[in-house]
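Colleague: Residue numbers (the numbering used here), protein chains in the order written: chain E, 1 to 254; chain Z, 1 to 362.
Any given hint might turn out to be false.
Listed next, the in silico EDC-like pairs over lysine to aspartate or glutamate satisfying Cα-Cα at most 16 Å (straight line) [claimed, not checked]:
#: 1; chain 1: Z; residue 1: Lys-206; chain 2: E; residue 2: Asp-13
#: 2; chain 1: Z; residue 1: Lys-203; chain 2: E; residue 2: Glu-42
#: 3; chain 1: E; residue 1: Lys-189; chain 2: E; residue 2: Asp-13
#: 4; chain 1: Z; residue 1: Lys-206; chain 2: E; residue 2: Glu-37
#: 5; chain 1: Z; residue 1: Lys-206; chain 2: E; residue 2: Glu-9
#: 6; chain 1: Z; residue 1: Lys-203; chain 2: E; residue 2: Asp-36
#: 7; chain 1: Z; residue 1: Lys-4; chain 2: Z; residue 2: Glu-145
#: 8; chain 1: Z; residue 1: Lys-352; chain 2: Z; residue 2: Glu-233
#: 9; chain 1: Z; residue 1: Lys-160; chain 2: Z; residue 2: Asp-97
#: 10; chain 1: Z; residue 1: Lys-290; chain 2: Z; residue 2: Glu-233
Derived by calculation from the structure, the hints in this document are not laboratory data.
Here are the chains, one letter per residue:
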Amino acid sequence: MLQVNKRPESLLDVKMHYCPGCGHGIVHRLVAEAMDELGIRERTVGVAPVGCAVFADHYFNCDMIQGPHGRGPAIATGIKRSKPGCIVFSYQGDGDLASIGMCETVHSAGRGENITIIFINNAIYGMTGGQMAPTTLIGQKATTCPMGRDPQVNGYPIRVCELLATLDGSRYLERTSIHTAAHVIKAKKAIKKAFQYQVEGKGFSMVEVLSTCPTNMGISPLDACKFVQEKMLPMYPLGVYKDVPGGKANVSGN
Amino acid sequence: MGEKLLMKGNDAMAEGAVRAGCRFFAGYPITPQNEVPEYMSWRLPQAGGSFVQAESEVAAINMLYGAAATGIRCMTSSSSPGISLKQEGISYAAGADLPIFFANVVRGGPGLGNIAGAQGDYFQSVRGGGHGDYRTFVMAPDSVEEMGNFPLHCYEVAEKYRVPAMVLADGVLGQMMEPLEFRFPQVDPKTLQSPDWALGECKGRKNRLVGSYDLSEGKLEVMTLNRGKRYAEIEAKEVMFESRQCEDAQVVLIAYGIAARACGAALKMARAEGLKVGLFRPITLWPFPKSQLRALADRVDSFLVVEMSMGQMVDDVRLATEFRAPVHLHARPSGVTPTGEEILKRIKDALKAGKGERVCCK
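Could you put together the complete structure from these sequences and hints?
Modeller: Take a look at the structure:
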């Protein structure tokens, strides 16, 4: 019999803890498939975040480290500079990357650090229970903006790809989504390309993935996909924000 | 080894770390330790290592957390307000059992304070500083020679017990120049065995995890208590101190770092006048030389602790000596270095008071 699909080798055969309809499981698989296809599993080191994906270090079949909230890009920098032959990725949510870790994100991109960031944007805080994220949409309700996000009080959502695209050190930035099967396939391509750029020593790459959090959005998984389509896409347009295929990383390790 | 060099304290510490095998440094400028990152920025690439000027102290310590997880010898340094920022990463390194090495070249505080040498970070250093139950191995040099030679010892202890290790210096030691010798052969990192927990290529083995958490009930307690056993071993085996002329002393001075140098001057003057004075200098501040001080407490009239803080180590002295002898304090906080003359005056006050009540403290 012909086997047409199987668990990626880069993903361990363990039960994940994610809620029904959560996007993390899908993105984990995409990252693992990209590692498999590029044949980099045995030299990849991943940085797990704080937040819902904190257990990512128990799911990927490569060396993993778990660090403080938002510090993934700094930890990845330390690993990459010490082991330049390794492929290093940091997996981060929107609070992790765009709020507490914005400084580390911007500066690792600015340095042109040869690392890859997988950025999950679901417009809300997950593990702490549905508080406002830097990416929460105007009018969107969260437990810390129960009347809906009001820019006069809470400020405006932050578009990370657009922001990082202004930096010379960033080499590949793409915003993708996983709310339909077609978008999942596109997201996979982008993630693989981001890792490929690191393999080729081109410098900083990041893939933003618009994702779903039915639990904290307070809607069904299907409605969460609809929310991404109808509400998030206008605020966060999909596409390639930076692509410097000929570039080389600015930095090297020992 | 053997070659006499003239170096600034901060440069000596940086060179000592490189000779001890350090191949990664991440730091952020703050006075009075700027010579350390400046030195590393050219010296490490020369030695085949990597230097990063981080965007903040928080980023620097987390770069170190990542680098240490790969099993290499790495370093960061800062001064008081910067070390406060680094405490997050130090706590995580302690929780993940990573042997990180860092230096605090202390300045006057709290807050922005000033840039003069001080000792106000003692509690922060020896009590933990960051959140959670953990200890840091702390060495306090009193000379440029020790600034240069302590990094190797910190690496060895940090790696043996998988704990954070630090050099607690101060602005005076960082900035002053003295002759020194590096008293160890240069370490080639290639000769060091990669630890069995180090991250990197996982070919031919199970994947490894480095982290500081366990959410399952009771497991974190087990992890913490096991770490406690290593702390007990450090307390039993790794204490370092220097004792000068304590054998017949009525009053024993207790000081560390640059304050101990001032006490050395006072000791000389006192002995020249025929006064029976000794000097006890803790070299490791954690583990603190408790039993050695306890032994002294039964045969001296009193102790005089000299600190460039409001008095922090004095608490450890009182605990160690179990109040068996009066413990006096001469305190010069926030960037003032005491002189031999003023300490001599305090010695005379202490001698006059004998075994009786404490003399008034500044």
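Colleague: Does each hint hold? Answer for all of them.
Modeller: Structure-based check of all given hints:
Note on Z:Lys-206 and E:Asp-13: the hinted pairing holds, with a Cα-Cα distance of about 13 Å set against a maximum of 16 Å. Between the alpha carbons of Z:Lys-203 and E:Glu-42 the distance comes to roughly 5 Å, so the proposed pair stays at or under 16 Å and holds. About 23 Å separates the Cα atoms of E:Lys-189 and E:Asp-13, which puts this hinted pair outside 16 Å; it is violated. Simply put, Z:Lys-206 and E:Glu-37 have alpha-carbon atoms about 20 Å apart, too far for the 16 Å limit, and the pair is violated.
For the suggested pair Z:Lys-206 and E:Glu-9, the alpha carbons sit about 12 Å apart, so the restraint of at most 16 Å is met. Restraint check for Z:Lys-203 and E:Asp-36: the C-alpha separation of about 14 Å stays at or below 16 Å, so the hint holds. A C-alpha spacing of about 10 Å is found between Z:Lys-4 and Z:Glu-145, which places the hinted pair at or below 16 Å, so the restraint holds. The hinted pair formed by Z:Lys-352 and Z:Glu-233 fails the criterion: a straight-line CA distance of about 41 Å is larger than 16 Å.
With a CA separation close to 11 Å, the supplied pair Z:Lys-160 and Z:Asp-97 stays within the 16 Å bound. As the CA atoms of Z:Lys-290 and Z:Glu-233 are separated by approximately 14 Å, the hinted pair is consistent with the 16 Å bound.
Hints 3, 4, 8 from the earlier list are contradicted by this structure; the remaining hints agree with it.
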